Amino acid sequence: MTTSPRPAVKRNLRGGRKVAAGARSGSLPLAPTTAPTTSWAVKSSEVLEIMSSLQEDYYNLCMEKSRKINSFVWHLLQEVDEKIEKGLEGITLNIAGNSHLMPVERMTGEDFWILSRILKKNPYINGLDVRYNLISDVGAYYAARLLQKQHKLIYLNLMFNDIGPKGGELIAKALHKNTTLKYLRMTGNKIENEGGMFFAAMLQINSSLEKLDLGDCDLEMQSVIAFATVLTQNQTIQAINLNRPILYGEQEESTVHLGHMLKENHCLVALHLCKHNMKNCGIKQLCDALYLNRSLRYLDISCNKITRDGMVYLADVLKSNTTLEVIDLSFNRIENAGAKYLSETLASHNRSVKALSVVSNNIEGEGLVALSQSMKTNPTLSNVYIWGNKFDEATCVAYSDLIQMGRLKPDNTDVESFVVDGHVCLAEVSNGLKKHYYWRPTYGEACSQSSNAGSSLVPVGPDL
Numbered sequence: 001m002t003t004s005p006r007p008a009v010k011r012n013l014r015g016g017r018k019v020a021a022g023a024r025s026g027s028l029p030l031a032p033t034t035a036p037t038t039s040w041a042v043k044s045s046e047v048l049e050i051m052s053s054l055q056e057d058y059y060n061l062c063m064e065k066s067r068k069i070n071s072f073v074w075h076l077l078q079e080v081d082e083k084i085e086k087g088l089e090g091i092t093l094n095i096a097g098n099s100h101l102m103p104v105e106r107m108t109g110e111d112f113w114i115l116s117r118i119l120k121k122n123p124y125i126n127g128l129d130v131r132y133n134l135i136s137d138v139g140a141y142y143a144a145r146l147l148q149k150q151h152k153l154i155y156l157n158l159m160f161n162d163i164g165p166k167g168g169e170l171i172a173k174a175l176h177k178n179t180t181l182k183y184l185r186m187t188g189n190k191i192e193n194e195g196g197m198f199f200a201a202m203l204q205i206n207s208s209l210e211k212l213d214l215g216d217c218d219l220e221m222q223s224v225i226a227f228a229t230v231l232t233q234n235q236t237i238q239a240i241n242l243n244r245p246i247l248y249g250e251q252e253e254s255t256v257h258l259g260h261m262l263k264e265n266h267c268l269v270a271l272h273l274c275k276h277n278m279k280n281c282g283i284k285q286l287c288d289a290l291y292l293n294r295s296l297r298y299l300d301i302s303c304n305k306i307t308r309d310g311m312v313y314l315a316d317v318l319k320s321n322t323t324l325e326v327i328d329l330s331f332n333r334i335e336n337a338g339a340k341y342l343s344e345t346l347a348s349h350n351r352s353v354k355a356l357s358v359v360s361n362n363i364e365g366e367g368l369v370a371l372s373q374s375m376k377t378n379p380t381l382s383n384v385y386i387w388g389n390k391f392d393e394a395t396c397v398a399y400s401d402l403i404q405m406g407r408l409k410p411d412n413t414d415v416e417s418f419v420v421d422g423h424v425c426l427a428e429v430s431n432g433l434k435k436h437y438y439w440r441p442t443y444g445e446a447c448s449q450s451s452n453a454g455s456s457l458v459p460v461g462p463d464l
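Quick note: the sequence shown uses the working numbering, first residue 1, plus one each step.
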């Protein structure tokens with residue numbers, strides 16, 4: 001369709017008021033007037049048949065402000081309207097820009113402005129997922145305003161939207177007075193140290209946010225330490241993701257402060273410290289704190305530089321710690337010795353750990369078989385992920401036996417067995433603790449328990 005410059009009159013089907021559209025332009029710059037020609041682009045003949053309020057409001061506002069209709073948004077609003085007509089509430093509006101299932105016209109900041117206007121007073125939507133779009137700091141401004149005015153929103157996903165430090169500041173300040181948002185994902189937006197400091201300051205004031213994801217945001221040492229300091233007092237955050245900060249130096253100062261935080265904090269359930277350049281000294285700081293901590297259930301220290309010596313500290317603390325349930329050690333280098341340290345503790349002492357990932361840790365057959373043996377004596381350990389290590393035939397047979405006897409369920413591991421010329425082999429399956437952290441699958445469930453076992457085993461707040 002094209003947005004003609006002639007004044008057009010459209011009747012609002014809910015209240016009978018008429019809206020003059022196209023005669024005036026809004027405060028934002030005029031967009032191109034030709035709509036995209038996707039298979040479900042809006043046609044003129046369809047406009048009069050609109051019966052759904054969100055689509056209607058979106059169309060009216062686009063006409064009023066002389067904005068191009070984003071056909072991707074249009075299509076998804078139709079789906080939400082159908083859910084509302086069925087009487088559903090607590091709906092998450094998913095406008096992910098990385099969808100592989102339909103043509104995507106990614107939203108800009110101006111598109112998000114229109115969207116925020118129609119969602120401002122909508123009572124049915126409590127979740128908004130706009131990951132992998134292009135809303136930038138412009139959209140962050142309108143997201144901040146939405147947080148100030150929309151009092152039903154409990155989940156907001158803004159990951160990878162080209163939001164910078166200024167946009168991060170706006171959103172953080174909006175959360176000073178917001179009392180409804182429970183889960184915010186800022187993953188992949190380069191808010192840097194400046195934006196990180198505003199979020200740390202926000203946690204001193206906000207008392208409703210339960211989950212905060214600032215992974216891949218280019219935080220620096222100052223902001224990581226600020227979060228650790230604030231979390232010694234904050235009593236509402238249950239899960240925080242500080243993955244991949246930009247840290248310089250070899251002294252691992254951040255883990256000293258994070259360790260102190262774990263000694264003082266009694267409500268944090270999940271802590272993600274992936275890609276922190278953590279070595280054995282760093283894991284020792286965390287383990288020393290875990291002797292005192294009785295709330296943390298999910299520890300993610302994947303993609304670090306931890307070796308077998310670090311496993312001595314972890315294995316020792318697991319003998320007395322009874323709260324840790326999920327441990328992600330993927331992409332470290334614990335080798336056979338480290339795997340055997342863990343196996344001995346899991347077999348003889350610990351009965352709280354439910355899931356362990358040692359993916360790509362340079363473990364050979366001896367260590368992998370030791371882990372499989374610990375499952376035979378430990379009834380609690382249900383999920384084990386081992387792909388990316390060095391399998392020999394003894395390893396393949398050990399895990400094949402666990403699967404066949406029902407001790408290790410197919411959905412709870414990332415391997416499956418098959419036989420070639422009388423030899424048992426293992427193949428990779430797409431299961432794990434957080435397979436869909438960055439992306440959505442092209443088919444099947446987006447949040448399947450087998451692919452995202454970490455959040456299934458340790459659910460924290462809303463997971464929409």
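Do not take every clue at face value.
[Claimed, not checked] Restricting the straight-line Cα-Cα distance to at most 25 angstroms, the calculated cross-link-like pairs of lysine to any residue (SDA-like) are:
(1) Lys83 x Asp137
(2) Lys275 x Cys396
(3) Lys434 x Thr380
(4) Lys83 x Pro123
(5) Lys65 x Lys177
(6) Lys173 x Gln204
(7) Lys149 x Thr232
(8) Lys121 x Asn94
[Stated by the list, open to error] So the derived label-pair ranges between C-beta atoms look like this:
(9) Asp316 x Gly90: 37 to 47 angstroms
(10) Gly406 x Arg351: 31 to 41 angstroms
(11) Tyr248 x Gly388: 45 to 55 angstroms
(12) Glu89 x Glu393: 38 to 48 angstroms
(13) Asp411 x Gly388: 17 to 27 angstroms
(14) His436 x Gln404: 26 to 36 angstroms
(15) Pro123 x Val256: 40 to 50 angstroms
(16) Met102 x Thr180: 29 to 39 angstroms
(17) His151 x Glu82: 40 to 50 angstroms
Rather than coming from a laboratory, the hints here were simulated on the basis of the structure. The structure displayed is predicted, hence computed values, not measured ones. Virtual Cβ for every residue (Gly too), placed ideally from N, Cα, C.
Hints and how they fare:
1. The straight-line distance between the Cα atoms of Lys83 and Asp137 is roughly 31 angstroms, outside the 25 angstroms bound, and the hint therefore fails.
2. With a C-alpha separation of about 30 angstroms, the suggested pair Lys275 and Cys396 falls outside the 25 angstroms cut-off, and the hint is violated.
3. Between Lys434 and Thr380 the CA atoms are separated by roughly 20 angstroms; this keeps the pair inside 25 angstroms, and the hint holds.
4. Annotation: proposed proximity of Lys83 to Pro123 holds, straight-line Cα distance about 13 angstroms (limit 25 angstroms).
5. At most 25 angstroms may separate the alpha-carbon atoms for a hinted pair to count; Lys65 and Lys177 exceed this at roughly 30 angstroms.
6. Distance hint between Lys173 and Gln204 is fulfilled; the C-alpha atoms sit about 12 angstroms from each other, no more than 25 angstroms.
7. Distance restraint check for Lys149 and Thr232: the Cα-Cα separation of roughly 30 angstroms exceeds the 25 angstroms cut-off, and the hinted pair is therefore not satisfied.
8. Distance restraint check for Lys121 and Asn94: the Cα-Cα separation of roughly 18 angstroms lies within the 25 angstroms cut-off, and the hinted pair is therefore satisfied.
9. Taking the beta carbon of each, Asp316 and Gly90 are about 44 angstroms apart, inside 37 to 47 angstroms as hinted.
10. Between Gly406 and Arg351 the Cβ separation comes to about 20 angstroms, which falls outside the hinted range of 31 to 41 angstroms.
11. Evaluation of the 45 to 55 angstroms hint for Tyr248 and Gly388 yields a failure: the beta carbon distance comes to about 29 angstroms.
12. Taking the beta carbon of each, Glu89 and Glu393 are about 55 angstroms apart, not inside 38 to 48 angstroms as hinted.
13. For Asp411 and Gly388, the hinted distance range of 17 to 27 angstroms is satisfied, since their beta carbons lie about 19 angstroms from each other.
14. Checked against the given bound of 26 to 36 angstroms, the beta carbons of His436 and Gln404, roughly 28 angstroms apart, stay inside it.
15. Roughly 47 angstroms separates the CB atoms of Pro123 and Val256, a value that falls within the hinted 40 to 50 angstroms.
16. Taking the beta carbon of each, Met102 and Thr180 are about 30 angstroms apart, inside 29 to 39 angstroms as hinted.
17. Evaluation of the 40 to 50 angstroms hint for His151 and Glu82 yields a failure: the beta carbon distance comes to about 24 angstroms.
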